[in-house]
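J.: The chain contents come next:
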Amino acid sequence: MLKPDRSELDYLALLKKAKQPPPPGGKRLKLALLGDVSTQHLVPVLRALFASNGVEAEVYEAGFDTVEVEALDPASGLYSFGPDVVVILQSIGKLRSSYYESAGDRSAFARTRAGEIEEVWKAIRKRSGASIVQSNFVVPYERPFGNYGLQVPDTLHGAVIELNREIAGRARENAGVLVNDVDYLAAWFGRRHFIDEKLWALSKSLCALELLPEVAQNVVDIALAAQGRAVKCVVLDLDNTLWGGVVGDDGLEGIELGESDETGVFRSFQFYLRELGRRGILLAVCSKNDESLARRVFREHPGMVLREEDVAAFVANWEDKATNIRRIREKLNIGLDAMVFLDDNPFERNLVRQMVPEVIVPELPEDPGLYVRAISEMNLFEVASHSALDGQRASLYRDQEKRDEERSRFETLDDYLKSLETTARVARFDPKDLPRIAQLLQRSNQFNLTTRRHSEAECEAMMRDETGYFPFSVTVRDRFGDFGLINVVILRRMDSVMEVDTFVMSCRVLQRGVEQLAMNKVFEEARRSGCKRVVGRYIPTAKNGMVKDFYERFGFRREDAPEGEGVSFTLGLDEYRPREVHIREVAALAERDST
Amino acid sequence: MTNEEIRRKLNGVFQQVFDAPELEVGDATTAEDVPGWDSLAHVNLVVAVEKAFSVRFTTKEVKGLANVGDMIRLIERRAK
Numbered sequence: 001m002l003k004p005d006r007s008e009l010d011y012l013a014l015l016k017k018a019k020q021p022p023p024p025g026g027k028r029l030k031l032a033l034l035g036d037v038s039t040q041h042l043v044p045v046l047r048a049l050f051a052s053n054g055v056e057a058e059v060y061e062a063g064f065d066t067v068e069v070e071a072l073d074p075a076s077g078l079y080s081f082g083p084d085v086v087v088i089l090q091s092i093g094k095l096r097s098s099y100y101e102s103a104g105d106r107s108a109f110a111r112t113r114a115g116e117i118e119e120v121w122k123a124i125r126k127r128s129g130a131s132i133v134q135s136n137f138v139v140p141y142e143r144p145f146g147n148y149g150l151q152v153p154d155t156l157h158g159a160v161i162e163l164n165r166e167i168a169g170r171a172r173e174n175a176g177v178l179v180n181d182v183d184y185l186a187a188w189f190g191r192r193h194f195i196d197e198k199l200w201a202l203s204k205s206l207c208a209l210e211l212l213p214e215v216a217q218n219v220v221d222i223a224l225a226a227q228g229r230a231v232k233c234v235v236l237d238l239d240n241t242l243w244g245g246v247v248g249d250d251g252l253e254g255i256e257l258g259e260s261d262e263t264g265v266f267r268s269f270q271f272y273l274r275e276l277g278r279r280g281i282l283l284a285v286c287s288k289n290d291e292s293l294a295r296r297v298f299r300e301h302p303g304m305v306l307r308e309e310d311v312a313a314f315v316a317n318w319e320d321k322a323t324n325i326r327r328i329r330e331k332l333n334i335g336l337d338a339m340v341f342l343d344d345n346p347f348e349r350n351l352v353r354q355m356v357p358e359v360i361v362p363e364l365p366e367d368p369g370l371y372v373r374a375i376s377e378m379n380l381f382e383v384a385s386h387s388a389l390d391g392q393r394a395s396l397y398r399d400q401e402k403r404d405e406e407r408s409r410f411e412t413l414d415d416y417l418k419s420l421e422t423t424a425r426v427a428r429f430d431p432k433d434l435p436r437i438a439q440l441l442q443r444s445n446q447f448n449l450t451t452r453r454h455s456e457a458e459c460e461a462m463m464r465d466e467t468g469y470f471p472f473s474v475t476v477r478d479r480f481g482d483f484g485l486i487n488v489v490i491l492r493r494m495d496s497v498m499e500v501d502t503f504v505m506s507c508r509v510l511q512r513g514v515e516q517l518a519m520n521k522v523f524e525e526a527r528r529s530g531c532k533r534v535v536g537r538y539i540p541t542a543k544n545g546m547v548k549d550f551y552e553r554f555g556f557r558r559e560d561a562p563e564g565e566g567v568s569f570t571l572g573l574d575e576y577r578p579r580e581v582h583i584r585e586v587a588a589l590a591e592r593d594s595t
Numbered sequence: 001m002t003n004e005e006i007r008r009k010l011n012g013v014f015q016q017v018f019d020a021p022e023l024e025v026g027d028a029t030t031a032e033d034v035p036g037w038d039s040l041a042h043v044n045l046v047v048a049v050e051k052a053f054s055v056r057f058t059t060k061e062v063k064g065l066a067n068v069g070d071m072i073r074l075i076e077r078r079a080k
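Sequence order for the protein chains is A and B.
No gaps in the numbering here: position 28 of the first sequence is 28 in this note's numbering, and each next residue is one more.
No gaps in the numbering here: position 29 of the second sequence is 29 in this note's numbering, and each next residue is one more.
What the hints contain is simulated information worked out from the structure, not anything from laboratory work.
Please read all numbers here as calculations on a predicted model, not as lab measurements.
Please note that a few of the clues may not be correct.
Unchecked claim - So the derived label-pair ranges between C-beta atoms look like this:
1) B:Ala52 / A:Gln354: 31 to 41 angstroms
2) B:Ala79 / A:Ser98: 32 to 42 angstroms
3) B:Asn67 / A:Lys122: 44 to 54 angstroms
4) A:Val69 / B:Asp38: 23 to 33 angstroms
5) A:Phe189 / B:Glu61: 19 to 29 angstroms
To be verified - Only some residues are given here: those of chain B computed to face chain A with a beta carbon under 7 angstroms:
6) Asp19
7) Leu40
8) Val43
9) Val47
10) Thr59
As the list claims (entries may be wrong) - Away from chain A, derived, C-beta distances all over 12 angstroms, residues of chain B:
11) Asn11
12) Glu22
13) Phe53
14) Ala66
Heads up, the beta-carbon is just placed ideally off N, CA and C, and yes, glycines get one too.
Based on the provided sequences and hints, a complete structural model is requested.
T.: Written out as structure tokens, the structure reads:
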């Protein structure tokens, strides 16, 4: 589980912790470390921090300064290790020498170096499906021109700033590459504390030992995000959290917000929350309040930044907050461990910690002016992908409310489904869809038959393999709004058998006929490829119980002697009866204004 | 800080770094006498000693340490 504080980031304590046995039943993660810094000090710290997150990390340490060799040699230890995540740590040490030793024109230095780094990524991605976590560089402190250096084209300082920008830009273009913003850490803790010349001289350490746990925590955050861990929802208290005062006592005009808030802190906090909403985090309200009064603040108070439409679930009543958080969870259909609860009141925070321990409950400082700082310091919202649709998520839930209202007007489910005028685009994997496809594979837990977390690069490889793989996605819309790309199926042909490697669907579109449409496609595809039967597999996890009968509902038979994980099911092509669906298939969904 | 106080405090640092509550070191103790005292642990030790005594050693001083006695003399010199 995500740790809401960083108090355990003590170097010696972590060394001690690393000697303890790994957590029982924890997930395993294979992590390769490459770098032009020494990694020995980092390894035990990484192990201990992964263990705190319930993950047993197996670590491969490449030799000192062998990044390029390991990446370019197909027979290297890196590839025989078969990593899930490759962490590349590079420091200013080597960069500095190569900058000062390069003779003549240094104007292309940053671009050249960035190009070399990108070549390493490409080499790794060609041979491995691992995510790559690339560090950027700590901007050095030496300033031969003083402040004026910023106005001079050729300085090491300027070259490193440019290089960091190049790394970020190229990471955007290269699937599966994530930046480890070491320069942010150095800036946050102070370069004078972070940079340690003596440790560099003694052991080629990236930074001061006491800050190594911070670097390791950053790696853990990124690696776990790449493996699908993500906060999906922030649950917000209202009184004294979103505004000052208690609306029930002070009235709409009496609360501190906007012009009546001399400090301006509550508006600032709301701006930050709105950014989270735009980035795809669902915002929910959980408040002890009269609902109509609480909603009136959102509708009528001129100082409010957040509006009702920014809130995906609004719960205001007099019940305890643990019950209400469970209610919000039901409504949004997400895991409790994907929720963060923010409340100024220590009593409520403790109650939620006790009653719903899965929920992440950060300690908040007494001064609301420090909320954003406290939350930022915990790095709660690490993510490994982003798509333009993310920001519309709150509206998807509001569209659903309209559908639910509509549904009560129809007598039968069929009539209702017809009335929705659903259209769908079914398409083989497509480069522009890959980020969203990978995101769905990383994040979906419930409607996920095998929970195989294929990375974007692996999806890309399947897309290219036109004889072995038939991977497709389904994008859905109805008259109330867009669902976006919500279903991914990966088929793998093995002689006369079509195997369903992956079948994942967003829970937003349950019982709409999408899975039936997709299954029809599976059999069409199998027929087109000349297969005789389809084989599917269900691998149980703690979260995917809802699909345990999935194949049986389509008439599949359990295989007697299943090989591999989970339970496997089979059905002949001639035995399958295509399902009737009330979805119109289209070649492309036209652009339209978002609802 | 007296020589005796330095010795007692330094011994505590050794116990902490090597996670060995029974460990006792003296002037003649070298890396070979303490299980786990490799180059990796040496860096941990130096950083922990610097922190405990609020001193800073130079790179050269750290490299020149042959035994615990050297370390005590270094601390005495720096911790004025």
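J.: Could you check the structure against the hints above and give me the numbers of any it violates, in ascending order?
T.: none
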